[in-house]
Amino acid sequence: MLSNKLKALACALSFTVAGLVHADPVTIKFAHVVADNTPKGQGALLFKKLAEERLPGKVKVEVYPNSSLFGDGKEMEALLLGDVHMLAPSLAKFEHYAKAIQIFDLPFLFDDLAAADRFQSSPQGRALLTAMEDKNITG
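If you're matching positions, the sequence shown starts at 1144 in our numbering and goes up one per residue.
Just so you know, the hints here were simulated from the structure itself, not pulled from any lab data. Check before you lean on any hint, since a few could be wrong.
[Stated by the list, open to error] Estimated spans, in silico, between C-beta atoms of each pair: (1) 1189 with 1236: 19 to 29 angstroms; (2) 1215 with 1268: 20 to 30 angstroms; (3) 1166 with 1190: 14 to 24 angstroms; (4) 1203 with 1257: 35 to 45 angstroms; (5) 1197 with 1249: 30 to 40 angstroms; (6) 1263 with 1226: 20 to 30 angstroms.
[Said to hold, decoys possible] Below, in silico cross-link-like pairs of lysine-lysine (DSBU-like), each with a Cα-Cα straight-line distance of 30 angstroms or less: (7) 1236 with 1172; (8) 1217 with 1242; (9) 1203 with 1236; (10) 1242 with 1192; (11) 1192 with 1217; (12) 1172 with 1203; (13) 1183 with 1201; (14) 1172 with 1192; (15) 1217 with 1201; (16) 1201 with 1172; (17) 1201 with 1242; (18) 1236 with 1278; (19) 1203 with 1183; (20) 1183 with 1172; (21) 1217 with 1278; (22) 1242 with 1203; (23) 1217 with 1203; (24) 1217 with 1236; (25) 1242 with 1172.
All residues carry an ideal CB built from backbone N, CA and C; glycine is no exception.
Construct the complete structure from the given sequences, taking the supplied hints into account.
Given below as structure tokens:
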């Protein structure tokens, strides 16, 4: 009796795994408010290229530049509602959700770009990436 149950379970699992192999790709909606030829726009297009190259058939990235999906004032709300999956907003948009992000608004805090990179790689800088997890936002 146990053998028949194990066979049935193995059969069911094999159909489940087979279904996952042939599943539709995950679609990621990436919205931003600037043109494709800006650094932020180029970053979004590079993310699309790399994600689709490295996960062929598993991920499809749709990039929506120039506020074509949501305007500057609505994109954070759209992210929180799940209407868009990725954004590239200014840091000022996050200050409402995590006051610690305001550190980047302080003028002359970092001597140079290397100092800013060192801070972002530090435990304190890495902690900023998780400062909004209670809102389901990860940096």
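For each hint, the structure was consulted:
Between residue 1189 and residue 1236 the CB atoms are about 21 angstroms apart, so this pair conforms to the stated range of 19 to 29 angstroms. In this structure, residue 1215 and residue 1268 meet the distance hint of 20 to 30 angstroms, their C-beta atoms being roughly 26 angstroms apart. One distance hint, 14 to 24 angstroms for the beta-carbon pair residue 1166 and residue 1190, holds here, with the actual separation near 22 angstroms. Taking the beta carbon of each, residue 1203 and residue 1257 are about 36 angstroms apart, inside 35 to 45 angstroms as hinted.
A hinted range of 30 to 40 angstroms for the beta carbons of residue 1197 and residue 1249 is consistent with their spacing of about 36 angstroms. Checked against the hint of 20 to 30 angstroms, the C-beta distance between residue 1263 and residue 1226 comes to roughly 29 angstroms, which is consistent with it. A hinted pair counts as satisfied when its Cα atoms are at most 30 angstroms apart, and residue 1236 with residue 1172 qualifies at roughly 19 angstroms. For the suggested pair residue 1217 and residue 1242, the alpha carbons sit about 20 angstroms apart, so the restraint of at most 30 angstroms is met.
About 26 angstroms separates the Cα atoms of residue 1203 and residue 1236, which keeps this hinted pair within 30 angstroms; it holds. Restraint check for residue 1242 and residue 1192: the C-alpha separation of about 33 angstroms exceeds 30 angstroms, so the hint is violated. Between residue 1192 and residue 1217 the CA atoms are separated by roughly 26 angstroms; this keeps the pair inside 30 angstroms, and the hint holds. For a cut-off of 30 angstroms, the pair hint linking residue 1172 to residue 1203 stands: about 9 angstroms separates their Cα positions.
For the hint pairing residue 1183 with residue 1201, the CA-to-CA distance comes to about 24 angstroms; that is within 30 angstroms, so the pair holds. Taken as a hint, the residue 1172 and residue 1192 pair is honoured in the structure, with Cα atoms around 14 angstroms apart against an allowance of 30 angstroms. For the given pair, residue 1217 sits about 29 angstroms from residue 1201 by alpha-carbon distance, which is consistent with the 30 angstroms threshold. Restraint check for residue 1201 and residue 1172: satisfied, since their Cα atoms lie roughly 14 angstroms apart, inside the 30 angstroms limit.
The suggested pairing of residue 1201 with residue 1242 is violated, with an alpha-carbon distance near 36 angstroms, which exceeds 30 angstroms. Distance restraint check for residue 1236 and residue 1278: the Cα-Cα separation of roughly 13 angstroms lies within the 30 angstroms cut-off, and the hinted pair is therefore satisfied. With a CA separation close to 19 angstroms, the supplied pair residue 1203 and residue 1183 stays within the 30 angstroms bound. Among the hinted pairs, residue 1183 with residue 1172 is consistent with the structure: their alpha-carbon atoms are about 15 angstroms apart, no more than 30 angstroms.
Distance check on the hinted pair: residue 1217 and residue 1278 sit about 16 angstroms apart at the alpha-carbon level, within 30 angstroms; holds. Using a Cα cut-off of 30 angstroms, the hinted pair residue 1242 and residue 1203 is violated, with the two alpha carbons roughly 33 angstroms apart. Straight-line distance between C-alpha atoms of residue 1217 and residue 1203 comes to about 23 angstroms, which keeps the hinted pair within the 30 angstroms bound. Proximity of residue 1217 to residue 1236 is assessed by CA-CA distance (about 11 angstroms); at most 30 angstroms being required, the pair is judged to hold.
The straight-line distance between the Cα atoms of residue 1242 and residue 1172 is roughly 27 angstroms, inside the 30 angstroms bound, and the hint therefore holds.
Checked against the numbered hints above, the structure violates hints 10, 17 and 22; every other hint is satisfied.
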